[in-house]
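> Chains as they are written, first to last, in the numbering used here: chain A, 282 to 501; chain B, 282 to 501; chain C, 282 to 501; chain D, 282 to 501; chain E, 282 to 501; chain F, 282 to 501.
Please keep in mind that the hints were generated in silico from the structure rather than gathered at the bench. All clues given are correct.
The list makes no distinction among identical chains, and a pair is therefore deemed to hold if it is satisfied within one copy or across any two copies.
Cross-link-like lysine-lysine pairs, in silico, DSS-like; alpha carbons within 30 Å at most: (1) K407 / K320; (2) K320 / K336; (3) K493 / K437; (4) K313 / K302; (5) K420 / K320; (6) K493 / K420; (7) K320 / K421; (8) K336 / K407; (9) K344 / K464; (10) K302 / K493; (11) K395 / K437; (12) K486 / K344; (13) K407 / K493; (14) K395 / K320; (15) K465 / K305; (16) K498 / K465; (17) K305 / K493; (18) K464 / K493; (19) K395 / K313; (20) K336 / K498; (21) K341 / K320; (22) K305 / K320; (23) K498 / K420; (24) K313 / K344; (25) K420 / K465; (26) K407 / K420; (27) K421 / K437; (28) K302 / K341.
Number of protein chains: 6
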Amino acid sequence: MIINPNSDLEMTAIIQSNVEKYAKGEFEVVCKATLGASKFIGSYEDISKSVTGMKELVYKNEKDFDGFIIACGADPNLDLIKEITVKPVVGIAEASMKIASMLGHRFAIIQTTKRFVPNKEALIYKYHMEGLGFAKVSKKGISNYRNEEEIFNTAKLAIEEDGAEVIILSCAGMTGLDRILEKKLGVPVLDGVICGLIIVTGLIKYGVSTSKIGRFKLRR
Amino acid sequence: MIINPNSDLEMTAIIQSNVEKYAKGEFEVVCKATLGASKFIGSYEDISKSVTGMKELVYKNEKDFDGFIIACGADPNLDLIKEITVKPVVGIAEASMKIASMLGHRFAIIQTTKRFVPNKEALIYKYHMEGLGFAKVSKKGISNYRNEEEIFNTAKLAIEEDGAEVIILSCAGMTGLDRILEKKLGVPVLDGVICGLIIVTGLIKYGVSTSKIGRFKLRR
Amino acid sequence: MIINPNSDLEMTAIIQSNVEKYAKGEFEVVCKATLGASKFIGSYEDISKSVTGMKELVYKNEKDFDGFIIACGADPNLDLIKEITVKPVVGIAEASMKIASMLGHRFAIIQTTKRFVPNKEALIYKYHMEGLGFAKVSKKGISNYRNEEEIFNTAKLAIEEDGAEVIILSCAGMTGLDRILEKKLGVPVLDGVICGLIIVTGLIKYGVSTSKIGRFKLRR
Amino acid sequence: MIINPNSDLEMTAIIQSNVEKYAKGEFEVVCKATLGASKFIGSYEDISKSVTGMKELVYKNEKDFDGFIIACGADPNLDLIKEITVKPVVGIAEASMKIASMLGHRFAIIQTTKRFVPNKEALIYKYHMEGLGFAKVSKKGISNYRNEEEIFNTAKLAIEEDGAEVIILSCAGMTGLDRILEKKLGVPVLDGVICGLIIVTGLIKYGVSTSKIGRFKLRR
Amino acid sequence: MIINPNSDLEMTAIIQSNVEKYAKGEFEVVCKATLGASKFIGSYEDISKSVTGMKELVYKNEKDFDGFIIACGADPNLDLIKEITVKPVVGIAEASMKIASMLGHRFAIIQTTKRFVPNKEALIYKYHMEGLGFAKVSKKGISNYRNEEEIFNTAKLAIEEDGAEVIILSCAGMTGLDRILEKKLGVPVLDGVICGLIIVTGLIKYGVSTSKIGRFKLRR
Amino acid sequence: MIINPNSDLEMTAIIQSNVEKYAKGEFEVVCKATLGASKFIGSYEDISKSVTGMKELVYKNEKDFDGFIIACGADPNLDLIKEITVKPVVGIAEASMKIASMLGHRFAIIQTTKRFVPNKEALIYKYHMEGLGFAKVSKKGISNYRNEEEIFNTAKLAIEEDGAEVIILSCAGMTGLDRILEKKLGVPVLDGVICGLIIVTGLIKYGVSTSKIGRFKLRR
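Put together the whole structure using the sequences plus the hints.
Structure, rendered in structure tokens:
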């Protein structure tokens, strides 16, 4: 199951459609929006508004699903969700960064506006990956997360100016643009949601989940 | 104003009484518990239960107070609170670690149980201070956060075995035990709440607050 | 295809049998030993003896297979193999560390003898993960990589003394012991070869591979 | 008491006047220049010339004052002064960096010339803060440490090009320009001397000082 | 003895001639090319082609020489050679970076093409020196490793734009250009081969060699 | 020329006698004690007492000597001396750590008392080497820096408990004990003074010195 931490039904539908293409019927996957959340996650306040809805989604669906993906490039409330369920939980930022680091020397995470760069940097640092990749924004920014050309331009800069060898499409809403951009850019372009699926379906098939002995121990 | 992120009124009263001793009437300080929160913050789930109540405390009191302290050793929801108000906000873990690092080569944060060590380590790392201090728990742990003797024994170990030169009383509930323990241990012992007060009253007097240009920009 | 960088046919057979159990017929996987290599990879000299055989295995099989796993806990010649083929290549040490870091606060890689600890530490450092996990050996070491009890004892120490929350079975030869040990230890126990399969099958299904623009560019 | 490690009486007077404004008569503060020191601290040699005079200032005034601030952006001889007195000692670079790191994602320390950048970088590194802030100089440099416009331009660049969210006025001589620049720049601007006062008056009120058990132990 | 890991006899002759100038007859030094190696080391594949020839050079010459230098800026197979001989072994990249770090705040290693920058960055990281120096390439690159003017231009940029205080001539083929460039640039310019000689002749005279107790223990 | 930063003539004579053995008449070397310094460097105050005398030694002898070694394990006033002379300057701690890091996976610097451990740790950190080595003291400490047996016991612990592969005799006074201890311990044992000589004589022969363009620029 994929949790879209915002309440945007259109983005939820895009994600659903795209993951089904990846799944090819081999496994079942359902993407749900978060009730009470903002339409777009762009601040710590937005993240806080997703807390109650995300917990409810997990509590309600824990028995029916084998694992959870948090489909937002900020990995909102990831530690929390890892803690409250025994099922595997994967954030798309964490999954895409770790996969990217196995595919090339340095990755760039494309950001839509300058506003999100420090927050993404804090996330990269959280995963101990500040030597392996960076957040990239162009001067003008990206007006819309489906604007292929502006994403291309930002990624191009990251490759030519900063030595990026792998591109991560940060925002879950960019899902599906990966293959087109990869052809144009000549480097691997990763869709975070698919990266999340790779990890979570692998964990499910393997039968392992979050360690419950320490940092993510169930309360009570 | 001091936000106690849990709902324990007894702990709130202890904190209130202790900060008044420090204030000596020179400034006004009020400690409030968080409605709807757990009685004790011991997990990411507990932290998530404090979100709504803490936001409400800030929204309601922003006009009447000059700054906020989050009085819990986990610095719960600190980034969020820094973002949603223009008044200065200080977490007691962050404040005490930064002050401790100016007083000696290495600090130890006393933990009551092994369960909280990885979470505190993640916090130390977040503040880029993993080379400057560490979380310490004794084998038996500390049965009660007011148990002076057990805190003393854990601190003693941190000094003798791990080279701690400064002790931080992690939990806001330990407030007031600092001076007694300092005499016995022979090293500075820091109460996080007082450290928070040092920083927040200084910032208020100086007239500076959180930067609103990037990571903690107000939404909308 | 799985490359066993040593020439031990028995270990190769154990790996083959174990990965087939994981694959459940959903995909084809073949494990081959490396001609001219040592029977066990325990030094840089052993790694150097695998170079020629590993390159040949890749050149010969590149057309017939969709991706490669290097099945040795030292990730021998991983950068080289990533460079010489356009197909995805995964080392079991890298894959298991990155997956482990998503499942708990700290992982321990079980080593059979003290001799391999510095080399494994160098590998952990190479992947920027020295803050996330460590190599662990018991005082007596482990006499044989199939000795379940001795592996259990070493893992137990790593959990109790060093705060490990996830265990990695470093050596490809330990494959298959993961589920038994997980039950006894109460924390996730990862078989590097399966972790490699999770990543490489995911990458194949997704259709991405190593970036060929910089560090791993094909040499004419 | 504030130690100006150079012998410039004019700068000493500016500092004295500015801290009195901050103190508002609530506490007594005296700034003294260092006999035998250079007029400006711009090299390790200058720092070495301050050693004797600074020690004498501490020995003579230890009984009459409750704490010391070293008012130079290079924190000259800070470890030494922390060691030789039992009273709290604060360097303005250390204090301002630690406060800045609580107010925003990244700080910039404004430098007057390129010459001082590597030395400031070494200082930032010493305090484990190279991931949290950086030294900034403009191409032309700043001709005079009271030149408000040139300081503004350098700070502006640091914000726009390098993502600084907080500005530190490195040099004690820049004291008093903070509020004007803050209004123009729209981010917190910190005067190191005031930051030092916040910490040292807090420590004095709290009754804690440098740990005397290890690195800063008194040499009989 | 100096091992040139490539098979280029011309470069071998240049190195031989240059080290003899440094030796001034005070010690004997012989530079040999590696049989079966590529003419230029520019990839992991090239490094792998040098393995067999380099091992043979060491096995054959171990009795007749007191120590080994690996004369290629990629330090190819350095861990391996350190392991297989009891004589001291020095890589020119490692030696030059460690010497450079004692001569100035930050060093730049001049690269001929963009292609080698990520590989050199990985090497700098391996030696824990990413905070002390960096790899530098100009936009156009350097057409030929003996092209003094292009090397000068790249070094100039590293000094003016990135704050380099010491220049390392990465490629063994650049040997001998150091003194001319030093005069023009006004900063120390280090020839890696000479740096290797400083260390290895010092170790020989002193009588110490690689530790054989752990990471570089002789196999068998 | 070797500067002994303390005023102990006996230690000076031991150093002089030992370096002459190493020099074997191939170069001239003179060790001088520092006037006005403490008899032993054990604190920042001691370091400050050496400042004037060390500067005078350099000013007086700069014309007659080709380079300087600072012969104390604390590298006292090293940045200062690097700045004030154009001749090469080497600290024995820096030189021995950098050489040690080329000889094995991890080094231990033997300390005589617990008191000096934090200060040495700060020095190791200064040189970016905290991942490569550590300061080691035994429980009882070492009563006298010429006590071979106690040094042996501390080194033994560092090897067996902490994985040290190379031993550094921190204190210049331990000079000459290296070869005896190396035989007993079975790992390289480095005398800092000899390491300093390796580097400084190499630099002199090569004709390079400290970069004068930035951090260590001469102050008019």
